[in-house]
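Peer 1: Model the full structure from these sequences, guided by the hints.
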Amino acid sequence: MEWNDSGVVLSARRHGETSSLVILFTELHGRHAGLVRGGQGRAARGLYQAGNVVTAVWRARLEEHLGTYRCELVRARVAGVLDDALRLSALSSACAVIEAALPERQSYPTLYAGFFGLGEDIESAAEWGTSYARFELALLAELGFGLDLSACAVTGEAEDLQYVSPRSGRAVSAAAGQRWREKLLPLPAFLWRADAAPPTADDLRAALQLTGWFLTAHVFAGASVPPARERFLGRLTNSSP
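So the sequence shown is numbered by the working numbering: it starts at 339 and just counts up by one.
The reader is advised that the hints may include incorrect statements.
[Claimed, not checked] FRET-style restraints, in silico, Cβ to Cβ: (1) A532 to H403: 33 to 41 Å; (2) L571 to V492: 23 to 31 Å; (3) D498 to E458: 40 to 48 Å; (4) A479 to R383: 29 to 37 Å.
The set of hints was computed from the structure by calculation and includes no laboratory data. Here the structure is a predicted model, which means the values were calculated and not measured. Just so you know, even glycine gets a beta-carbon here, dropped at the ideal spot from N, CA and C.
Peer 2: Encoded structure:
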């Protein structure tokens with residue numbers, strides 16, 4: 339059995355003495371693993387960096403087998419952000435979140451397009467932080483746990499939204515949430531207002547704490563948050579992504 343696809347490297351781990359177990363997020367075949375023979379060589383290690391874009395040929399005798407990959411590099415995204423520790427950390431985080439969140443071998447073409455676009459934004463866009471936060475919102479929605487940030491869950495009004503209910507995932511206005519504010523999750527303005535200013539590092543941290551709560555509660559199913567995402571949060575100091 340054989341297929342060809344485009345994809346983004348999510349991770350590569352040593353397998354035996356000379357091979358690597360590589361996991362890609364592919365356009366048509368979803369999150370998919372394969373063995374790369376000779377993957378521990380210097381050239382291969384450079385190719386299979388998390389975030390790089392590749393074309394892949396997967397082969398196996400039977401569909402349920404692990405199979406092998408042969409890949410060619412299309413875009414070395416990692417090289418494009420090596421001199422920016424925060425962007426590099428964001429790229430690693432996005433790859434780790436996708437790997438942890440998605441079931442294997444299930445196609446998510448819309449999510450793949452958004453993830454691919456996020457990689458482009460991290461590499462070159464000024465407001466890539468907004469793209470990252472919206473990527474995690476889109477991931478939650480794709481997996482059936484989307485947040486409703488369109489209007490207040492209590493009053494129905496679409497003004498002065500400042501919180502999100504950790505139970506329902508719906509927005510709550512400042513006035514309606516005043517009584518329960520300590521039990522609600524902060525909602526940064528840039529996530530619901532089209533005219534909001536670009537997020538500061540604090541805004542982005544608050545947004546990722548929001549999405550992280552729902553990812554941990556519903557998607558990671560009790561497992562720990564990917565360490566790469568934790569490292570990304572740790573790098574969000576006073577710089578403005």
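Peer 1: Next, verify each hint and record whether it holds.
Peer 2: How the hints compare with the structure:
no. : hint                     : result
1   : A532 to H403: 33 to 41 Å : violated (48 Å)
2   : L571 to V492: 23 to 31 Å : holds (30 Å)
3   : D498 to E458: 40 to 48 Å : violated (34 Å)
4   : A479 to R383: 29 to 37 Å : holds (35 Å)
When held up to the earlier numbered hints, the structure conflicts with 1, 3 and fits the remainder.
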